[in-house]
Amino acid sequence: MKAANFAYHAPTTRQELFALLAELDDARMIAGGQSLVPMMNFRLAAPENLVDLNTVGGLDGIEVAGDRLVIGAMTRQRAAERSATVARVCPLLVETLGRVGVQQIRNRGTVGGSIAHFDPTAELPVAAVALDAEVVLESLRGARRMPVADFGSDYLTTEIEPDEVLTAVEVPLWPEGHGAAFDEVTRRGDSYAIVSVAALVLLDAAGRVARLSVAIGGLTHAPARLAVDAMVGAAPEGEALAALAETARALPADGDGLMAAEDKQHLAATLTERVVRRAGERARRSTGG
Amino acid sequence: MTLAERPAGVGISVPRLEDDALVRGKGRFLDDITLPGLLHAAFLRSPEAHGHIRSIDVAEAEALPGVHRVLRYEDLRPLLTMDRIPVAMPSGALKFDVDPFVLARDEVCHVGEPIALILAESRHVAEDAAELIMVDIDPLPAVVDPRDGLAPDAPQARLDCPDNLVARTSAAYGDIDAAFADAPVRFAERFHLHKGGGNSIEPRGVVARWDPMEERLTVWNSTQMPHRAKRLLVTTLGLTERQVRVVPPDVGGGFGPKFVFHPEELAIAAAAKLTGLPVKWAEDRYESFIATVQERDQFWSMEVAADADGRLRGLRGTLVHDHGAYTPYGVALPYNSATNLLGPYVLPAYALDISLCLTNKVPTTPTRGAGRPQGTFIMERILDLIAERLGLARDEVRRRNLIAAERLPFRTGLKTRDGGEMTYDSGDYAECQRRALAAADWNGFPERRAAARREGRFLGIGLANYVEGTGRGPFESASVTIGPSGEVVVTTGACGQGQGTVTMLAQLTGAALGIAPAKVRVIAGDTDASPLGLGAFASRQAVTAGSAVHLAAGKVRDKILAVASDWLEVAAEDLELIDGRVSLRGAPEVGRSIADIAAALSGSPGFSLPKGAEPGLSAAADFQPDAITYCNGTHVAEAEVDPFTGVVRLTRYVVVHDCGRLINPRMVDGQIIGGVVHGIGSALYEWMRYDATGQPLTCTYSDYLLATADVVPRVEVHHMESPTPLNPLGVKGAGESGTIAAPAVVASAVEDALRPLGVAIRDLPMTPDRLVRLARQARAAA
Numbered sequence: 001m002k003a004a005n006f007a008y009h010a011p012t013t014r015q016e017l018f019a020l021l022a023e024l025d026d027a028r029m030i031a032g033g034q035s036l037v038p039m040m041n042f043r044l045a046a047p048e049n050l051v052d053l054n055t056v057g058g059l060d061g062i063e064v065a066g067d068r069l070v071i072g073a074m075t076r077q078r079a080a081e082r083s084a085t086v087a088r089v090c091p092l093l094v095e096t097l098g099r100v101g102v103q104q105i106r107n108r109g110t111v112g113g114s115i116a117h118f119d120p121t122a123e124l125p126v127a128a129v130a131l132d133a134e135v136v137l138e139s140l141r142g143a144r145r146m147p148v149a150d151f152g153s154d155y156l157t158t159e160i161e162p163d164e165v166l167t168a169v170e171v172p173l174w175p176e177g178h179g180a181a182f183d184e185v186t187r188r189g190d191s192y193a194i195v196s197v198a199a200l201v202l203l204d205a206a207g208r209v210a211r212l213s214v215a216i217g218g219l220t221h222a223p224a225r226l227a228v229d230a231m232v233g234a235a236p237e238g239e240a241l242a243a244l245a246e247t248a249r250a251l252p253a254d255g256d257g258l259m260a261a262e263d264k265q266h267l268a269a270t271l272t273e274r275v276v277r278r279a280g281e282r283a284r285r286s287t288g289g
Numbered sequence: 001m002t003l004a005e006r007p008a009g010v011g012i013s014v015p016r017l018e019d020d021a022l023v024r025g026k027g028r029f030l031d032d033i034t035l036p037g038l039l040h041a042a043f044l045r046s047p048e049a050h051g052h053i054r055s056i057d058v059a060e061a062e063a064l065p066g067v068h069r070v071l072r073y074e075d076l077r078p079l080l081t082m083d084r085i086p087v088a089m090p091s092g093a094l095k096f097d098v099d100p101f102v103l104a105r106d107e108v109c110h111v112g113e114p115i116a117l118i119l120a121e122s123r124h125v126a127e128d129a130a131e132l133i134m135v136d137i138d139p140l141p142a143v144v145d146p147r148d149g150l151a152p153d154a155p156q157a158r159l160d161c162p163d164n165l166v167a168r169t170s171a172a173y174g175d176i177d178a179a180f181a182d183a184p185v186r187f188a189e190r191f192h193l194h195k196g197g198g199n200s201i202e203p204r205g206v207v208a209r210w211d212p213m214e215e216r217l218t219v220w221n222s223t224q225m226p227h228r229a230k231r232l233l234v235t236t237l238g239l240t241e242r243q244v245r246v247v248p249p250d251v252g253g254g255f256g257p258k259f260v261f262h263p264e265e266l267a268i269a270a271a272a273k274l275t276g277l278p279v280k281w282a283e284d285r286y287e288s289f290i291a292t293v294q295e296r297d298q299f300w301s302m303e304v305a306a307d308a309d310g311r312l313r314g315l316r317g318t319l320v321h322d323h324g325a326y327t328p329y330g331v332a333l334p335y336n337s338a339t340n341l342l343g344p345y346v347l348p349a350y351a352l353d354i355s356l357c358l359t360n361k362v363p364t365t366p367t368r369g370a371g372r373p374q375g376t377f378i379m380e381r382i383l384d385l386i387a388e389r390l391g392l393a394r395d396e397v398r399r400r401n402l403i404a405a406e407r408l409p410f411r412t413g414l415k416t417r418d419g420g421e422m423t424y425d426s427g428d429y430a431e432c433q434r435r436a437l438a439a440a441d442w443n444g445f446p447e448r449r450a451a452a453r454r455e456g457r458f459l460g461i462g463l464a465n466y467v468e469g470t471g472r473g474p475f476e477s478a479s480v481t482i483g484p485s486g487e488v489v490v491t492t493g494a495c496g497q498g499q500g501t502v503t504m505l506a507q508l509t510g511a512a513l514g515i516a517p518a519k520v521r522v523i524a525g526d527t528d529a530s531p532l533g534l535g536a537f538a539s540r541q542a543v544t545a546g547s548a549v550h551l552a553a554g555k556v557r558d559k560i561l562a563v564a565s566d567w568l569e570v571a572a573e574d575l576e577l578i579d580g581r582v583s584l585r586g587a588p589e590v591g592r593s594i595a596d597i598a599a600a601l602s603g604s605p606g607f608s609l610p611k612g613a614e615p616g617l618s619a620a621a622d623f624q625p626d627a628i629t630y631c632n633g634t635h636v637a638e639a640e641v642d643p644f645t646g647v648v649r650l651t652r653y654v655v656v657h658d659c660g661r662l663i664n665p666r667m668v669d670g671q672i673i674g675g676v677v678h679g680i681g682s683a684l685y686e687w688m689r690y691d692a693t694g695q696p697l698t699c700t701y702s703d704y705l706l707a708t709a710d711v712v713p714r715v716e717v718h719h720m721e722s723p724t725p726l727n728p729l730g731v732k733g734a735g736e737s738g739t740i741a742a743p744a745v746v747a748s749a750v751e752d753a754l755r756p757l758g759v760a761i762r763d764l765p766m767t768p769d770r771l772v773r774l775a776r777q778a779r780a781a782a
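So the sequences go chain by chain: A and B.
Here the UniProt record's numbering is used: the first residue of the first sequence is 1, the next is one more, and so on.
Here the UniProt record's numbering is used: the first residue of the second sequence is 1, the next is one more, and so on.
No lab work stands behind these hints, which were simulated from the structure alone.
Wrong hints could be hidden among the right ones.
[Claimed, not checked] Label pairs and their calculated CB-CB ranges:
hint: 1; chain 1: B; residue 1: PRO756; chain 2: A; residue 2: GLY255; range: 24 to 32 angstroms
hint: 2; chain 1: A; residue 1: GLY255; chain 2: B; residue 2: ASP710; range: 25 to 33 angstroms
hint: 3; chain 1: B; residue 1: PRO155; chain 2: A; residue 2: ARG141; range: 50 to 58 angstroms
[As the list claims (entries may be wrong)] Covered, in the sense of this in silico footprint (three residues per stretch, anywhere, with C-beta under 8 angstroms from a C-beta of chain B), are these stretches of chain A:
hint: 4; stretch: 2-10
hint: 5; stretch: 250-264
For every residue, glycine included, the Cβ atom is placed at its ideal position computed from N, Cα and C.
The task is simple: from the sequences and hints, build the whole structure.
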């Protein structure tokens, strides 16, 4: 469990970083190292070049820009979790980050790193998909944006190009008064999620769903977005909610050695019902309903 | 004066003497040891569960800068007196012993089996070199599931063995046919049990140095059994006892696997002797999963016969045990399961047929609890099933079956694995259960359950009783010596693994000699300090080493009193030992220091010793237990189970435990709680899984889940003290006890919580995956 040899690069500016990635073969970026370092120690990853994002200035930070929350990729998960700004404009992220690994992991792990790694059981991509978040991918060639929902191409594989850096996550803000919730089923307390669900809901004055977004993680390589149109105009409870849960049960799922696909779908249905109900209750509370 | 410095007797929670150094980072664990010229070792391990080695080409690896040497079996064999390491212990039930080679010779029989040893300037370079070794292995069919391995057309797990069925044995007594004839209650059940590894926070490790001047080998070994390691090194390397010293440094947990002498321990010692350079191997966590012995799967098929009032008449059935690729521990593990099944109950007849199947996996040997949790699980599940069938309360069915206190000592009818009568020596099982139910407010549970149901939560409660045979012999030895400096030195073959052995022995010495435990120096497990010793296994060290130290310290006390009585011209009965002095009771100024007596007994040239005294203020003693002493306990747990997600949350956990007289209650609490945590892991999380070809799937703590602080409830421990007559201290073992009932009690609580769904718990561990599937199947059946 000792890493294979690699060359270590510590760029200090974005330009230096982009130039290195354009020039180097077989390079991996290291952010918080919470997934990559164990993989390297197991020699499951043995990149020739390791490019340190920690030495590059200006890749972290949390700000609201217009109707978006912009989180720099190198923002530590724990910093985002404890940010007053995030708590005010995007409580879903606070609740979700609280379920990422354990506190020691969140102290080092970064928001960008978790999404770039795109583990199928990771919590942050699920919330990001529910939020319609976009990743900002930058290189010498310029910058582009891509919805997190389109980012994963296969298990642990994303659409990022070898010379690109995920520099920020941009989250469109939901109106004040929305409700949000996140929950997951794990095999033990804070261990990896089997299935996780994130939901945001906006209610109209009558307590009916005006807008709803639900994403479900753990079924396949990437979070699935749930079709929710049937819920619009209905209260987030009762038969309508039960029907939504059945929609979740119908999503495609990959079984594995521990759990059959139909049991994962059952968890998706169970969690969808609970999480959407909780998000609805929070929306009602926050609108004084 | 801190509490640790206060002279203290037995039964006081002296703070652990080990902790000051350990919590300050001043302990010395194996990997802290460094020596000039030290070589670092890594092993190339088999990637195949079963295969024939055609060739091993090490040329490219040896050419890598920083690599000193790459060793194969044929390189080490000339140093050895025999082909295989004779680790097998006497075990009549085994049809044949399967001893390992120092490195694989021509057949690899599990993933992780060491094939080559790389010595390099760093572990990094050694691992780089391992990737450059070209090994050509012809894969062979593997036996993964022991039930498949016993089928007539099964592949051979080992080509060098005649049969996969390495042992077939039984545990039986009574007239089993009569028990079943006309039994009013009869049913059958199958169980698939799993128990995991030792998972000590410090994996194994060895540093070895050969001194060519003295022709002497020193081996620092993170082991439970230094004397056994020494004996095997003497035998295999053709050395004398004088030429080998094994020293355990601070050991970061054993929990069973460090009992077993693994091939790496010989390979590192042989490499040091061959190269003349010191060599270190510190096992990493991945190696620990694939190369360190573990517990694993048992398949039980049981038939139950009971009376209409719930009293057991007889149990019969079969146990198929996954034994792994070698036999380092005989049949002890499944035999413990079989015998411990009896628990504190009257079982008139019993017949269990036990088959041990060789498989292409790491050998199975005891980890904390040593097979007993499985036997207890079977008995306690069966009692719950009887209760359910007869509409009896689960506590009542147990009450009806418990052995009454007045029947102790109670001969069970079984033999222990060393051939003795399995006899429960002391205890009050019914009282233990009564106290546990009271402490857990068992009678108040229906109200708590109803309140939870009103909130949509499913709460269940369970209970389980158990016994544990502790303090196995044959002996442990100790010496107590006081020199003119006044320092008290205790030596023993016992060996601390972090459980507080040093504190326990210092406390007993201090109690006998009126000296603060902190002033007693305990040398535990160094083979140079103690020529004889066994070590840490079978919850035995307080019983065996504790008694030996107690006896030796008593002899030293007698010597002190004899000399002081002569010097002070008072009767020995009128003297007392306080704070390093012996003095007239009630007149401390009339006395002498123990150091003075030690100086006098050390002699002055040409002068006589005090009248009648023998040289040296020192004594040695051995303690040979006549029989195993049985501790016991009752666990009660409450669990909240989410029937939709399969998530179990333990909300309450009560233990009443009886290990006889307590030496250090807080350390016993620590042992019990640690054992319970280990047992909760077995119940809910730990699962060493393999694919159909024998590849291990769970080799990180992300995949192999231990019980962690966030999921373990507060464990409430209460003690009963029923002293055993079998040793002078009246103590019984406590180190493994906490694990034994945990899977049974958690299963009882989980099943109780899911009773509205009709989910039956038969298998371990109870993961969300399993519980979700069981709930689905129960819904489909309903």
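Checked hints:
At roughly 27 angstroms, the beta carbons of PRO756/B and GLY255/A sit within the given window of 24 to 32 angstroms. At roughly 28 angstroms, the beta-carbon separation of GLY255/A and ASP710/B lies within the given 25 to 33 angstroms, and the hint holds. Between PRO155/B and ARG141/A the Cβ separation comes to about 56 angstroms, which falls inside the hinted range of 50 to 58 angstroms. Only residues whose C-beta sits within less than 8 angstroms of a C-beta in chain B count toward coverage, and the stretch 2-10 of chain A has 4 of them, enough to reach three; the restraint holds.
With 6 residues carrying a beta carbon less than 8 angstroms from a beta carbon of chain B, the stretch 250-264 of chain A meets the three-residue requirement, and the given coverage holds.
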